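Number of protein chains: 2
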Amino acid sequence: MDRKVKVAIVGAGSAGLYAMSEVRKQTQDFVLINGGELGTTCARVGCMPSKVAIQVSEDFHRRHVFSRYGLEGKETLSLDTTEAMEYVRDLRDNFVDRVLSNSTDQLPKENFIEGYAEFLDINVLKVGQQTIHADKIILATGSRPYVPTEWQQQFGDKILTTDELFEQESLPPSIAVIGLGVIGLEMGQALHRIGINVTGIDQCQNIANLVDPNVNQVAVDTLQKEFPLWLGHPAVITPIDDMLKVSSGDKDVTVDKVLLSMGRIPNLETLGIDKLSIKRNAKGIPDYNPNTMQIGDLPIFIAGDVSGDRPILHEAGDEGRIAGYNAVHQAITAFQRKTPMNITFCDPNIVSVGKLYSELDLDTTAIGEIKFSIVGRAMIMAKNRGLIRVYACKENGKILGMTMIGPKGENLAHLVAWVIEQKLTVIDLLQMPFYHPVIEEALQAVLYQLVSKIDSPLPAVLSLKPLANHI
Amino acid sequence: MDRKVKVAIVGAGSAGLYAMSEVRKQTQDFVLINGGELGTTCARVGCMPSKVAIQVSEDFHRRHVFSRYGLEGKETLSLDTTEAMEYVRDLRDNFVDRVLSNSTDQLPKENFIEGYAEFLDINVLKVGQQTIHADKIILATGSRPYVPTEWQQQFGDKILTTDELFEQESLPPSIAVIGLGVIGLEMGQALHRIGINVTGIDQCQNIANLVDPNVNQVAVDTLQKEFPLWLGHPAVITPIDDMLKVSSGDKDVTVDKVLLSMGRIPNLETLGIDKLSIKRNAKGIPDYNPNTMQIGDLPIFIAGDVSGDRPILHEAGDEGRIAGYNAVHQAITAFQRKTPMNITFCDPNIVSVGKLYSELDLDTTAIGEIKFSIVGRAMIMAKNRGLIRVYACKENGKILGMTMIGPKGENLAHLVAWVIEQKLTVIDLLQMPFYHPVIEEALQAVLYQLVSKIDSPLPAVLSLKPLANHI
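Keeping their order, the protein sequence lines are chains A and B. Take 715 as the starting number for the first sequence in the working numbering and just add one per residue. Take 715 as the starting number for the second sequence in the working numbering and just add one per residue.
No false leads were slipped in.
If chains are identical, the list can't say which one is meant, so a pair holds when it fits in one copy or spans any two.
Taking lysine to any residue pairs in the SDA-like style, the calculated list, with each CA pair at most 25 Å apart, reads:
no., residue 1, residue 2
1, Lys1052, Leu1172
2, Lys1179, Glu1109
3, Lys1137, Gln1158
4, Lys739, Ser1166
5, Lys1179, Asp1142
6, Lys720, Leu752
7, Lys1137, Gln1050
8, Lys788, Arg776
9, Lys965, Cys918
10, Lys1112, Leu1181
11, Lys1085, Tyr801
12, Lys1179, Ala1045
13, Lys1112, Thr1139
14, Lys788, Ile768
15, Lys739, Leu1181
16, Lys872, Lys965
17, Lys739, Glu1155
18, Lys739, Gln1158
19, Lys1069, Leu1138
20, Lys1097, His778
21, Lys1085, Asp811
22, Lys1069, Lys1179
23, Lys788, Met1095
24, Lys720, Leu1176
25, Lys965, Leu885
26, Lys1137, Thr1079
27, Lys1112, Leu1074
28, Lys1108, Asn928
29, Lys788, Gly909
30, Lys1069, Lys1167
Worth flagging that the hints you see were computed from the coordinates, not collected in a lab. Since this is a predicted model, take the numbers as computed values, not measurements.
Based on the provided sequences and hints, a complete structural model is requested.
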């Protein structure tokens, strides 16, 4: 069966759905093609269920501060992890339903095809028995957890990824988490806090992809007080009876299961793009322009996790919108990408916004930092652990980036990202209102410290704009 | 004893100390005069101890969600309120010590006088036996809780204010809270949550000074699920044996103590300003310019709670700095005041930022709102109660203000206040990064709703800036 459409979108995840929202504004002559389960990585196995598990684990963990102020009885609190996992799935299902009911559920039949798409030619896709000729094609096939083939084969269902984790009806007594990026840290800490014996392992010395050495040090010190982090050596897995022995350097532990969080890989293979002469980058991903999402000068666009960059929902949304917009407009428009944000929702949050430490010219950058141990509100919250570092241009005081581990990092991340979007300076920020006592005052303290490290002329009163400037 | 100084600062609270910080940059020829206890209202009896009590009460209250996800045993949790109050005082003392050690503790003896100051003339103050001739005088005498004289006389220590509350070694079984502004709501809810039988009473129909009728309705509905709020009738107190009967309209309750939170009044009386011919405003406060803090064209400045406006720490800081700066500079400089922020740290937070509902021209204002019940992250936090409303200019989309009750209101308050400071629009904000899943997405949802209500031309893709705009 042959069919002609203006646009074919391959993948009904977040990026594909956002692409569709732009395409539909211009034409109804499109198909959305999806292989595998519907419901987006975010809602099914990503952001949403992980945040539910984290919330449960934080609530349970909080009991450790109770005795400071006469709240007694924490010993009798117990968490039924089977019930907790059910709750995670219940909420997850709710979120998945919301996604579906707002997207594919209400799509006319002719706009949706279930199946895996494969390129026959630049403008031609095969899905099962159908051949789709599309003026424009958007690739939004997402990604999947990386699992070394031999481990998969050897250890089978003793190896979990986030694809399986939330489906577990009951959790085993012990788990080794291999890979301490965002997912490994979030889930490792959550599992530890709900009572699983967790060992965290990473072959790097830095966790949560931190490149700022000072913040990484504080992050490692802080989290390893909760559960062991074995850093700097690759993990080796050996089966022992019904268990797995996981070694790293000179340490080893025997566990029931392993949670693999060694990154995600783009879903490209089944697309058959090798048939097309497309230039690929070092990761094997088709070369594309991140401002237009166009692959080379082909009528093909890419969006979301499959692009191998910025694997987070709001960026997938932007990429989908850019791809969708450009797929239905004659001229290709380049769009500005947003100030980078990375949040690991462990406790304390680990956050980087704007420029990373490794992207700074240290000669021209001023760095201010304070520890959360002295921040009033953090003390009140009994969450006074962590370090916040802000990078600013020495010459003009512009805020370049922030890296931190600390309470309410996710909220500070927005404040600082929005400030960087607007190219504001240390002085501009000090003239903003900071309420009291709030966690934002940690940022304020760093800014005051930065004042002496930048060359900008100072206003009469640092924290106030003269009225003449009032527009 | 006669003495001449360039500047006399009356009051060593937050405003006085900030004033001193500006004065000291120009001269050491000043005195700081303080009557009564040192340590600032904020640290001693205000922001700080109240936030500690709120944190304890929130931690204890959180047990009510435990059973949703299999966390059992909450029935055996019990809070020893005597120990909790000790903890509040311990932390409070810590904060007070920090204030003192950074201010009066390190002040040379000749710069500090203990005692109440009284005007003898425009430039002359009397403190005990000393007469101080000062070129400039800064009034920063703060405020005190309002207590009707007859109640004070009749009921004595059965009437508490925040001056006494945190000093209570043990708390009584029942308390009526009269006055449901910021302090009454914060402390009323906290006391209720730690196990006191609390009745909240206010003669108005709105709580937390809310003027947005929709948010007020949600706030009243939400909080009154926790403890009774009797609104719309003044409170009448009658002694009954060793208790107090508190009536309001046709309701009454018999309680051990009453917490009075009917506002604070400026400490002006003992200053003897009636001797000077100073114009006063309707509240009896000397007429001053809020951008210069100068009283009329006199060599007298006013700052902090005594000014009767914006009784919050960061505004007291600004007023102190403005007064201090102008007291030591020949020409008077007018400074811009910050975007108004008001936060009631109850749970959920009640917040207003920028223009209040009552200050809007409803014909030219677009209002967007959503309930937190549908916000993903709020659901995950099990804090999906509340309403957020954002006001924008219909014509150009500029954000004018936000009023809300909801989780993390204090953090959203900063985000929106900073945006208003920069005169950003609905479209500007939609082009900022919003991570996922975060509470900031509640704001994003309101902004999307506002798009259809404003007249601004829309960009090609709503949430993206074309690259050409990139500077």
